[in-house]
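The listed protein sequences derive, respectively, from chains L and Z. This note's numbering puts the first sequence at residues 1 to 280. This note's numbering puts the second sequence at residues 1 to 122.
Since the hints were made in silico from the structure, they are not lab data. Mixed in with the good hints, there may be bad ones.
Claimed, not checked - So, partial list: chain L residues that the calculated Cβ filter (under 10 Å) puts toward chain Z: (1) G87; (2) S192; (3) L279; (4) S280.
Note that the coordinates shown come from a computational prediction; the quantities given were computed from them, not determined experimentally. Don't be surprised by glycine CBs; every beta carbon is placed ideally from N, CA and C.
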Amino acid sequence: MAKISAGIATSHVPAIGAAIDLGKTGEPYWQPLFKGFEFSKQWMRDNTPDVIFLVYNDHATAFSLELIPTFAIGCAASFAPADEGWGPRPVPTVQGHAELASHIAQSVIQSDFDLTIVNKMEVDHGLTVPLSLLFGQPKAWPCRVIPFAVNVVQFPPPSGHRCYQLGKAIRRAVESFDEKLNVQIWGTGGMSHQLQGPRAGLINKEFDRRFMDRLISQPDALSQLPHIDYIRDAGSEGIELVMWLIMRGALNAEVKPVHRFYHVPASNTAVGHLILENLS
Amino acid sequence: MSLEKPYANIPGTVVFDADQSRKGYPLNMFCMSLMKAANRERFKAGEKNYLDEWPMTEEQKQAVLARDYNRMIALGGNIYFLAKIFATDGRSFQYAAASMTGMTQDDYARMMLNGGRSPEAQ
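Kindly produce the complete structure, drawing on both the sequences and the hints.
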């Protein structure tokens, strides 16, 4: 049967993708950030899964205001990198896992989470920047990826509690898939940042530190954090952090943090990163 | 009965909720059209004419022409959609964010390098 072996959290700032694509990772501004992912790239080489279930949000790319699904699962065979206004990122096409994705969709919907099924979709920096951070610049991504898009653009996004419970349903779905597969779940976005209005540039290191602490050891309590606390304390775009709770919900109650990294700034954003192994 | 909006009083912050989305629909869909290179060219060749093709309010059009991002947000714009405008202008997210705070881009970039805007100093 398929099994979730680990969870990874990381921010997905577009400027990070641009720095990688333009060969700027060694510049003084970016060097400290990429240094924090060196361990992770080696860990990924040692622990390459068969499939990544990648939780991210679309940024007015595949979904405009014409259609705003709260939870959307990508069931296609492949997903091309989107042109976000300055040409598609020069990264490989993402190969999906249609069989596992369809299985998860059916299982999770029967667990009362009403997913939107997407059979054709392009993926933006929300999905490709985490892959670049953890895999660098390969000719092809070394594993399959199931994109899972969460609405965090139009308020309200799903609650932290809903996301956490969804993670548990995703885990049950993965574990009921017959093929033996090593699956990782990634939660992306955040950490504290605000991109708009006179309060733009907000960073809250204390909130972020506490969020990572509680994500590791008190996820049940953390999942109760109301939206207003995210917006007030972590900025209007900091609310993306609810997506990390989907990842955490899919892991064991006890996890082993094998890597933790935090850096300010990447453009306007605080970058947080965790690798959590499931204790067997 | 009205919905509770506890987020309405956060200083310097407009939350893009269903009401804002409804008000901003034509503005944001105009922004979305700038994802296509041909539309970007047409917009650059005559901004007012291009805007007149969209069912936007006059106020929304003026805010776009003035590149007044705070005003666009007040009128229902969402930052991820408005990003298509400043991308068309060849400007970065940091440029747009700085412009909304009233700081120069240099001062804003320095603030970010020093750890960002403190939540206490709002």
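Against the structure, the hints come out as follows:
1. Contact between G87 (chain L) and chain Z, as hinted, is supported at the beta carbon level, the nearest pair being about 9 Å apart and thus within 10 Å.
2. Given hint, S192 (chain L) at the interface with chain Z, holds; its Cβ is 8 Å from that chain's nearest Cβ, closer than 10 Å.
3. The interface hint given for L279 (chain L) is broken, as the beta carbon of that residue sits about 34 Å from the closest beta carbon of chain Z, more than 10 Å.
4. The closest approach between the C-beta of S280 (chain L) and any C-beta of chain Z is roughly 39 Å, which is over the 10 Å cut-off, so the hint fails.
Comparing the model with each numbered hint stated earlier shows that hints 3, 4 do not hold.
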